[in-house]
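Asker: Each chain is listed here by its residues.
Number of protein chains: 2
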Amino acid sequence: MNNQYPSLLLERAVNEFAKLPGVGSKTALRLVLHLLQQDTATVEAFGNAVIDLKHNVKYCRVCHNISDTEVCNICASPKRDTSTVCVVQNIRDVMAIEATQQYQGLYHVLGGIISPMDGVGPKNLEIDSLINRVASGEVKEVIFALSTTMEGDTTSFYISRRLKDYPVKLSVLARGVSVGDELEYTDEITLGRSIINRTPYQS
Amino acid sequence: MNNQYPSLLLERAVNEFAKLPGVGSKTALRLVLHLLQQDTATVEAFGNAVIDLKHNVKYCRVCHNISDTEVCNICASPKRDTSTVCVVQNIRDVMAIEATQQYQGLYHVLGGIISPMDGVGPKNLEIDSLINRVASGEVKEVIFALSTTMEGDTTSFYISRRLKDYPVKLSVLARGVSVGDELEYTDEITLGRSIINRTPYQS
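Protein sequence lines, in the order shown, are assigned to chains A and B. Just so you know, we're using this note's numbering here: the first sequence kicks off at 1 and counts up by one. Just so you know, we're using this note's numbering here: the second sequence kicks off at 1 and counts up by one.
Hints are computed from structural coordinates only; laboratory data are not their basis. One or more hints might be untrue.
Claimed, not checked - Here are the simulated DSSO-like cross-link-like pairs (lysine-lysine), alpha carbons at most 30 Å apart as the crow flies:
(1) 123/A x 19/A
(2) 26/A x 169/B
(3) 79/B x 26/A
(4) 26/A x 19/B
All values derive from a computational prediction rather than experimental measurement.
The whole structure should be built from the sequences, with the hints applied where relevant.
Answerer: This is how it looks when you write it as structure tokens:
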């Protein structure tokens, strides 16, 4: 019984929703029927919000973060420390670091990490533009804030080699036991590093 | 920090997704960023699928099921038994019963159930049109397939009173122990009814 939907229009909408990550056909149907119960203006606002985003979104020409303008709010802000650049994989990472309110420098969004298995090499990422930013001379420190995975480490390593002839300090996010973690459930590598890289106790 | 999104267009799209039932702002962001990575045609197909559905969807003028035509495929099918009408709350119930492949009659979609708490009375539902279908004389049996809740029972009772002067058989879905249920976890009312309404054993 392939013909399970009473309407082709409904089936098309459900199939579109079911393409979203983590959304199965039952959830998709529930979401579509929910939208169908809203008034026309609400449904148009929903549909047009994603279409407008795709048509009009810009990427900051300095850091490649999503932006409504040529240069994003962070790069354009006079309050930010332009000598520090934090290298991240995607804009969700920018938002996560911004949410901490602990960082006043700028960002550089690579748009991914080096992953030969997925066919992503250095040329597919915004690495050349990062080198150019450093070469321009204003950047004093580059912070690698990439995933703690083989791909993340490979990407940091590749960039560090490209930057080795520039007078720039390279650093990486501290790795250690997460706040709230219980020691016995912390993996050995993390625990080992956290002993080696122990910091002065502050009471 | 209200200004958490780097782009107003992004924020608008995320907020639209976050209005969907069961979708929080983190999931909404993940879905929107997923769409943003797709090509323009895919995003337009997604957005337009819901807008087209809302603009062009029809409701069958006989049974009020969602349909692409004036009369839905089920009501228009010559293979269906037009003397039996199954009364359901919404189109998901139609799809659930159709999926069993055990029912050959027609449906009547009320569009909800009587629920004074939610401000839904008989006048808000497709009850008059059901009475008219029965009054036209072709219907021999009306099956109540509503939720086994106070509201569902109230709705069945209300309709049964409206139909009491018509020569039509009224029936209701069998209630009993679900297939796969363990007896000790079955609630007392269901178990009690399943003893009273026991059926001949077929080996």
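Asker: Against each hint, give a clear statement of whether it holds in the structure.
Answerer: Comparing the hints with the structure gives:
1. 123/A x 19/A: With Cα atoms ~28 Å apart, residue 123/A and residue 19/A stay inside 30 Å; holds.
2. 26/A x 169/B: Between residue 26/A and residue 169/B the Cα gap is close to 34 Å, so the pair fails against 30 Å, i.e. violated.
3. 79/B x 26/A: Status holds; Cα separation ~28 Å.
4. 26/A x 19/B: holds (18 Å)
Comparing the model with each earlier hint shows a violation of hint 2 alone; every other hint is respected.
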